[in-house]
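What follows is the residue order along each chain.
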Amino acid sequence: MAASAAVTANYVLKPPPYPLDALEPHMSKQTLEFHWGKHHRAYVDNLKKQVLGSELEGKPLEHIIQNTYNNGDLLPPFNNAAQAWNHEFFWESMKPGGGGKPSGELLALLERDFTSYEKFYDEFNAAAATQFGAGWAWLAYADNKLKVVKTPNAVNPLVLGSFPLLTIDVWEHAYYLDFQQNRRPDYIKTFMNNLVSWEAVSSRLEAAKAASS
Amino acid sequence: MAIRSLASRRTLAGLKETSSRLLGLRSIQTFTLPDLPYDYSALEPAISGEIMQIHHQKHHQAYVTNYNNALEQLDQAVNKGDASTVVKLQSAIKFNGGGHVNHSIFWKNLAPVKEGGGEPPKGALGGAIDTHFGSLEGLVKKMSAEGAALQGSGWVWLGLDKELKTLVVDTTANQDPLVTKGGSLVPLVGIDVWEHAYYLQYKNVRPEYLKNVWKVINWKYASEVYEKECK
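Protein chains in written order, with our numbering: chain A, 131 to 343; chain B, 3 to 233.
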């Protein structure tokens, strides 16, 4: 299942590109059932209701996101639209048997922009761990450079002028069932070591480079 | 080892205080996790014992620990005149200090049913609620709606505006205390709507948590605060 850089979604609850139990033991079927089946579904359903009859109805998801961000003074559809986009992007950022160090061009770029994979790991880890409250941590691409970004609530790099390449959801609902007792650091480590789909990151990077040239 | 176990916390604190004074350093006031005035399971079935224990021992404790760390770093930066570090520390102080402040209030906002949890407010606060919101049901409906609609993490509050002498319902994001919404606002009842406050029991159904939490709200405490501030 090729992951594209542009997540068009168009108000469809797309299933993850693997069965709901495929990420076990690192992310449980129960978590996927709630996180995808309830949370993500609610964002999609609520977005549909929210834009019905408005000028935003039928517009691509990215259009809604860009037009309701309003420089941080968010218009009502932003949260549902961005969260629908973010979650589809998140499922496609993971794969069974994923994680660890990438190779080839991606590794070379990480080493160029972070000095080493380990330095990237630490920076991504720190961003995910220190995002106060709900939010996301990202690997993003802008001005021919890779960088780590953290965002609150539903905000994503699209509205900050960069191309998202990888994300981890750090809202509590993402890890609260599997990493009980508030163990966000363990969740982040598990994501990095066991879940990241570097294939998805690579193909998104190609699309980002093509779009920038 | 034996000597250390005999030394009381107060003695050790006294030694630290003395040595700080000898070095010419002001010692700062640090904080400890307050005990709950009831057992973890005492708020069931509205809030599970599992949630209460994790919420208190993991989440609130983390805010206290991180607040103390930030305060120590702040103290050092202030003493050194390191303005950049002082400013840099503000978000950690607001977040962790706010977390400590808010949760300390929250534990007092809750009470087991057999100790009055859920009993409607009488007296001055009861009257003020009827005046401002029509009825207690009206207030509950408004707070539940605003709590459910809050995106991300935060709190929904019933507050007293000391200056205008009115009751207000408002929300704050993350761990911002109510006072960040207005210097004259005094929190009377705060309800935590971070996912950690309800997820293990109610999962994604925050409205169900908000429906049930009112059964254990300690209106006696809210009344005491209200009457004290209104003097």
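None of these hints come from the bench; they were simulated from the model.
Bear in mind that the values here come from a model prediction, so they are computed numbers and not experimental data.
Don't be surprised by glycine CBs; every beta carbon is placed ideally from N, CA and C.
Just to be clear, a hint being listed does not mean it is correct.
[Stated by the list, open to error] Each computed DSSO-like pair below joins lysine-lysine, with the alpha-carbon atoms no more than 30 Å apart:
no. : chain 1 : residue 1 : chain 2 : residue 2
1   : A       : K168      : B       : K144
2   : B       : K213      : A       : K178
3   : B       : K60       : A       : K159
4   : B       : K213      : A       : K280
5   : B       : K205      : A       : K144
6   : A       : K280      : B       : K90
7   : B       : K90       : A       : K249
8   : B       : K110      : A       : K275
9   : A       : K179      : B       : K230
10  : B       : K213      : A       : K179
11  : B       : K205      : A       : K168
12  : B       : K116      : A       : K280
13  : A       : K319      : B       : K60
14  : A       : K159      : B       : K213
15  : A       : K280      : B       : K60
16  : B       : K222      : B       : K233
17  : A       : K179      : B       : K110
18  : A       : K249      : B       : K96
19  : A       : K179      : B       : K143
20  : B       : K116      : B       : K230
21  : B       : K217      : A       : K178
22  : B       : K96       : A       : K277
23  : A       : K168      : B       : K217
24  : B       : K143      : A       : K168
[Said to hold, decoys possible] Short, incomplete list of chain B residues facing chain A, as computed with Cβ under 8 Å:
no. : residue
25  : L169
26  : T173
27  : P179
28  : T182
29  : Q203
[Unchecked claim] Covered stretches of chain B (chain A as the covering partner; in silico rule of three or more C-beta atoms under 8 Å from a C-beta of chain A):
no. : segment
30  : 36–48
31  : 105–116
32  : 132–144
Quiz item: Does the alpha-carbon distance linking K217/B and K178/A stay inside the 30 Å limit?
Solution: Violated. K217/B to K178/A sits at ~34 Å, over the 30 Å cutoff.
Self-check item: Pair hint K168/A and K144/B, alpha-carbon separation not exceeding 30 Å
Solution: Given pair K168/A, K144/B holds - Cα atoms ~25 Å apart, limit 30 Å.
Quiz item: Within a Cα-Cα threshold of 30 Å, do K222/B and K233/B meet the stated pairing?
Solution: holds, 17 Å
Practice problem: Please work out if K179/A and K143/B have their alpha carbons no farther apart than 30 Å. | Solution: OK: K179/A and K143/B at ~23 Å, within 30 Å.
Self-check item: Hinted pair K205/B and K144/A, Cα distance within 30 Å
Solution: holds, 22 Å
Quiz item: Can T173/B be said to touch chain A, with a Cβ gap under 8 Å?
Solution: violated, 13 Å
Quiz item: When you check the alpha-carbon spacing of K60/B and K159/A, does it fall within 30 Å?
Solution: holds, 25 Å
Self-check item: K213/B paired with K179/A [C-alpha distance capped at 30 Å]
Solution: holds, 24 Å
Quiz item: Is K205/B within 30 Å of K168/A, Cα to Cα?
Solution: Distance of about 9 Å is within 30 Å: holds.
Quiz item: Given the hinted pair K96/B and K277/A, is their alpha-carbon gap at most 30 Å?
Solution: Roughly 27 Å between the alpha carbons, so the hint for K96/B and K277/A holds.
Quiz item: Are the Cα atoms of K116/B and K230/B separated by 30 Å or less?
Solution: Satisfied, since the Cα-Cα distance of roughly 25 Å is no more than 30 Å.
Quiz item: Within 30 Å, alpha carbon to alpha carbon, are K280/A and K90/B?
Solution: holds, 17 Å
Consistency with the previously given hints fails for numbers 4, 8, 9, 12, 17, 21, 25, 26, 27, 28, 29, 30, 31, 32, ordered from lowest to highest.
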